[in-house]
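With the hints as extra help, turn the sequences into a complete structure.
Spelled out from the first residue to the last, the chains are:
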Amino acid sequence: MITKEIEERILGLRNKYPKLKTAILPAFHVLYQEEGYLSPEGIQKVSELLGVPLLELHEVLSFYVFFPTRRIGKYWIRVCDNLSCSLMGAESIIQYLEEKLKIKVGQTTPDGLFTLGTEECLGSCGTAPMMMVNEEFHENLTREKIDKLIEELARR
Amino acid sequence: MSEKIVFKHIDEPEQHRIDTYLKNGGYQALPKTLKELSPAQVIDIVKRSGLRGRGGAGFSTGAKWGFVPKVSPKPKFFLCNADESEPGTFKDRELIEKDPHQLIEGVMIGSYAIGANLAFIYIRAEFALGAKRLQEALKEVYAKGLLGKNILGSGFDLDIVVYRGAGAYICGEETSLLSSIEGIKPLVRLRPPYPAVSGCYGCPSNVNNVETLANVQHIILNGAEWFARIGTPKSTGTKIFCLSGPVNRPGNYELPMGTPLRELIYEHGGGMKDGKTLKAFIPGGASSWVMPASKIDVRLDFESVAEAGSALGSGGVIVMSEDTCMVRSTLRLVKFYEWESCGECTPCREGTYWLSKIIQRIEDGKGRMKDLDLLLDLSDNIYGKTICPLGESATMPVTSTIEHFRQEYEDHIKNKRCPFDK
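Residue numbers (our numbering), protein chains in the order written: chain G, 200 to 355; chain D, 614 to 1035.
No wet-lab data here; the hints were simulated from the structure. All values reported here derive from a predicted model rather than from experimental measurement. It is possible that some hints are incorrect.
[Said to hold, decoys possible] Chain G stretches covered by chain D per the calculated footprint, using a threshold of three residues with CB under 8 Å from any CB of chain D:
#, segment
1, 204-212
2, 264-271
3, 331-338
[Unchecked claim] No farther apart than 25 Å at their CA atoms in a straight line, the calculated lysine-lysine pairs in the BS3-like style are these:
#, chain 1, residue 1, chain 2, residue 2
4, G, Lys220, D, Lys745
5, D, Lys621, D, Lys636
6, D, Lys886, G, Lys218
7, D, Lys636, G, Lys273
8, D, Lys889, D, Lys908
9, D, Lys886, G, Lys344
10, D, Lys757, D, Lys621
11, D, Lys908, D, Lys886
12, G, Lys215, D, Lys798
13, G, Lys220, D, Lys687
14, G, Lys220, D, Lys798
15, G, Lys218, D, Lys752
16, D, Lys762, G, Lys215
17, D, Lys757, G, Lys215
18, D, Lys798, G, Lys218
19, G, Lys215, D, Lys752
20, G, Lys215, D, Lys745
21, G, Lys218, D, Lys762
22, D, Lys798, G, Lys244
23, D, Lys687, G, Lys218
24, D, Lys745, G, Lys218
25, D, Lys617, D, Lys636
26, D, Lys970, G, Lys303
27, G, Lys303, D, Lys948
28, D, Lys886, D, Lys970
29, D, Lys687, G, Lys215
Where is the CB? At the ideal position from N, CA and C, for every residue including glycine.
Take a look at the structure:
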């Protein structure tokens, strides 16, 4: 649901930058923050509000990986599995999360709480293994830490 | 303990607040710059300091600023590349989250030097805390009247915008970063024209890495000669080395350029974890050649690492121990480049796919002996044949591990399986 408030935040971006199209990514960030994903209606709305053709929006959006374009779990878990994290046991962390959440990478739990994914280097190699949950970093992961975190998130 | 420059106050809990930053001597280089120095003098000081880009390329920062035309009918733009995503590199995140004002002051001085009135700090989307810290810091700076119109009565106007990326490694390449800000598909651009002449929106622009800019104010305050005395004659100053992999104390260490790798791993990093033996290391982030443990005495500066056969790059040192499979590690890096290739150049788009496919089959025990020559041939057809260095970077772990660890590849092929534990 694109509220009046979201519309106004996006409209406010129109004159913020030297050129209009610079507002596209910030508008996507607004949508993502408010809706948790970029819905077709949301993208359509950005097109109308900024006056940028839908085609050009999709050309930009499809290049990047940060914005989900379908509804995902309330908590988006992304485990870094690049080299430094792999050397420190990222694979066993991913495997443990798959067992614990009873889903595979790329899937969402039936209750809609957790989506599990992997991610390329997140600039946290000195505190490997690590993962992001929505916008938060969780570092120096152990099974105990994961147990505690998942419990806490499920209760929230 | 050697002198720290950019990490001097990094562990003070409130360093991200302007009051603490001011108390620790912050925002003193700014008035000095605006009131006592002309843009040409600032460029000259930075040139003489020998400061070189800390993002990986190692190009003279002062020279880069000097390439931007003094007089331009078009506006000029200053950009900070905070898209840190080079595997093994995690210094900019710490600099941004813990000391955002230090970076902002560097952006201000750089913008003044090239004559830009608008600066972007392009930060990768995943650094949400970093973006928040920067935004809060900018609010404080505006409240103190240090940004906006006629800063400190100097007649210099500047606004700084924090711009969040959206998850693409390629946007750390400067021309791709420019396109990302312009709101178009961020493919890389052929140079020339260089960004200094035709960059953001086709206007003169300059892009610098976070760590590079964090050094600038200290050079202005303490002088070019002071900075040039630290490190080696050609690689001046300190460098943040990001140490990761199985060592006892991984983390960021700010040390003089030219510090031996042995000292980094065994003194600062506390040696190898669980008493294991060092097998190999990557000295400068994933985009540098893998080196065998026998090179442990290499000094970490641009010249010495290049002479030893690799690159200092971003200073991301990834350490691998005796139980690391070099084929699997190479595969992991190649898959990264395959995934992040923007698809513009055929050698990179197709080449990374084939590198990854062939190394995967070797790792799976289905390789053929002639695959090794095939990998080298493929690498040769990528290297030097693409617009940007991403494709070249994909070949670096491949050619270097085949050079130094050929036996391991052959063992995989002969025994039809990976000899290491999963």
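Going through the hints against the structure:
A count of 0 residues in the segment 204-212 of chain G with a Cβ less than 8 Å from any Cβ of chain D is obtained; the coverage claim is therefore unmet, three being the minimum. For a cut-off of 8 Å, the count of residues in the segment 264-271 of chain G with a CB near a CB of chain D stands at 3, and the three-residue condition holds. A count of 4 residues in the segment 331-338 of chain G with a Cβ less than 8 Å from any Cβ of chain D is obtained; the coverage claim is therefore met, three being the minimum. Restraint check for lysine 220 (chain G) and lysine 745 (chain D): satisfied, since their Cα atoms lie roughly 23 Å apart, inside the 25 Å limit.
With a C-alpha separation of about 13 Å, the suggested pair lysine 621 (chain D) and lysine 636 (chain D) falls inside the 25 Å cut-off, and the hint holds. For the suggested pair lysine 886 (chain D) and lysine 218 (chain G), the alpha carbons sit about 52 Å apart, so the restraint of at most 25 Å is broken. Restraint check for lysine 636 (chain D) and lysine 273 (chain G): the C-alpha separation of about 42 Å exceeds 25 Å, so the hint is violated. Proximity of lysine 889 (chain D) to lysine 908 (chain D) is assessed by CA-CA distance (about 17 Å); at most 25 Å being required, the pair is judged to hold.
Between the alpha carbons of lysine 886 (chain D) and lysine 344 (chain G) the distance comes to roughly 21 Å, so the proposed pair stays at or under 25 Å and holds. Restraint check for lysine 757 (chain D) and lysine 621 (chain D): satisfied, since their Cα atoms lie roughly 24 Å apart, inside the 25 Å limit. Restraint check for lysine 908 (chain D) and lysine 886 (chain D): the C-alpha separation of about 19 Å stays at or below 25 Å, so the hint holds. Under the criterion of a C-alpha separation no larger than 25 Å, the hint pairing lysine 215 (chain G) with lysine 798 (chain D) is consistent with the structure, at around 20 Å.
About 19 Å separates the Cα atoms of lysine 220 (chain G) and lysine 687 (chain D), which keeps this hinted pair within 25 Å; it holds. A distance of roughly 11 Å separates the Cα atoms of lysine 220 (chain G) and lysine 798 (chain D); the hinted pair therefore holds under the 25 Å criterion. Our distance criterion of 25 Å between C-alpha atoms is met by lysine 218 (chain G) and lysine 752 (chain D), whose separation comes to about 23 Å. Restraint check: the Cα-Cα separation between lysine 762 (chain D) and lysine 215 (chain G) comes to about 16 Å, which is no more than 25 Å; the hinted pair holds.
Taken as a hint, the lysine 757 (chain D) and lysine 215 (chain G) pair is honoured in the structure, with Cα atoms around 22 Å apart against an allowance of 25 Å. At roughly 15 Å between alpha-carbon atoms, lysine 798 (chain D) and lysine 218 (chain G) fall within 25 Å of each other, so this suggested pair holds. Only pairs whose Cα atoms come within 25 Å are accepted, and lysine 215 (chain G) paired with lysine 752 (chain D) is accepted, the gap being roughly 16 Å. Of the pairs offered as hints, the one joining lysine 215 (chain G) and lysine 745 (chain D) holds, with about 18 Å between alpha carbons and a cut-off of 25 Å not exceeded.
Annotation: proposed proximity of lysine 218 (chain G) to lysine 762 (chain D) holds, straight-line Cα distance about 21 Å (limit 25 Å). Between the alpha carbons of lysine 798 (chain D) and lysine 244 (chain G) the distance comes to roughly 20 Å, so the proposed pair stays at or under 25 Å and holds. Between lysine 687 (chain D) and lysine 218 (chain G), the direct Cα distance comes to roughly 14 Å. Compliance with the 25 Å bound is thereby established for this hinted pair. A threshold of 25 Å between alpha carbons decides the hint, and for lysine 745 (chain D) with lysine 218 (chain G) the separation of about 24 Å falls inside it, so the pair holds.
Between lysine 617 (chain D) and lysine 636 (chain D) the alpha-carbon distance is near 18 Å, which keeps this suggested pair within the 25 Å criterion. Among the hinted pairs, lysine 970 (chain D) with lysine 303 (chain G) is consistent with the structure: their alpha-carbon atoms are about 23 Å apart, no more than 25 Å. Proximity of lysine 303 (chain G) to lysine 948 (chain D) is assessed by CA-CA distance (about 20 Å); at most 25 Å being required, the pair is judged to hold. For the hint linking lysine 886 (chain D) to lysine 970 (chain D), the alpha-carbon distance of about 32 Å lies beyond 25 Å, and the restraint is violated.
Note on lysine 687 (chain D) and lysine 215 (chain G): the hinted pairing holds, with a Cα-Cα distance of about 19 Å set against a maximum of 25 Å.
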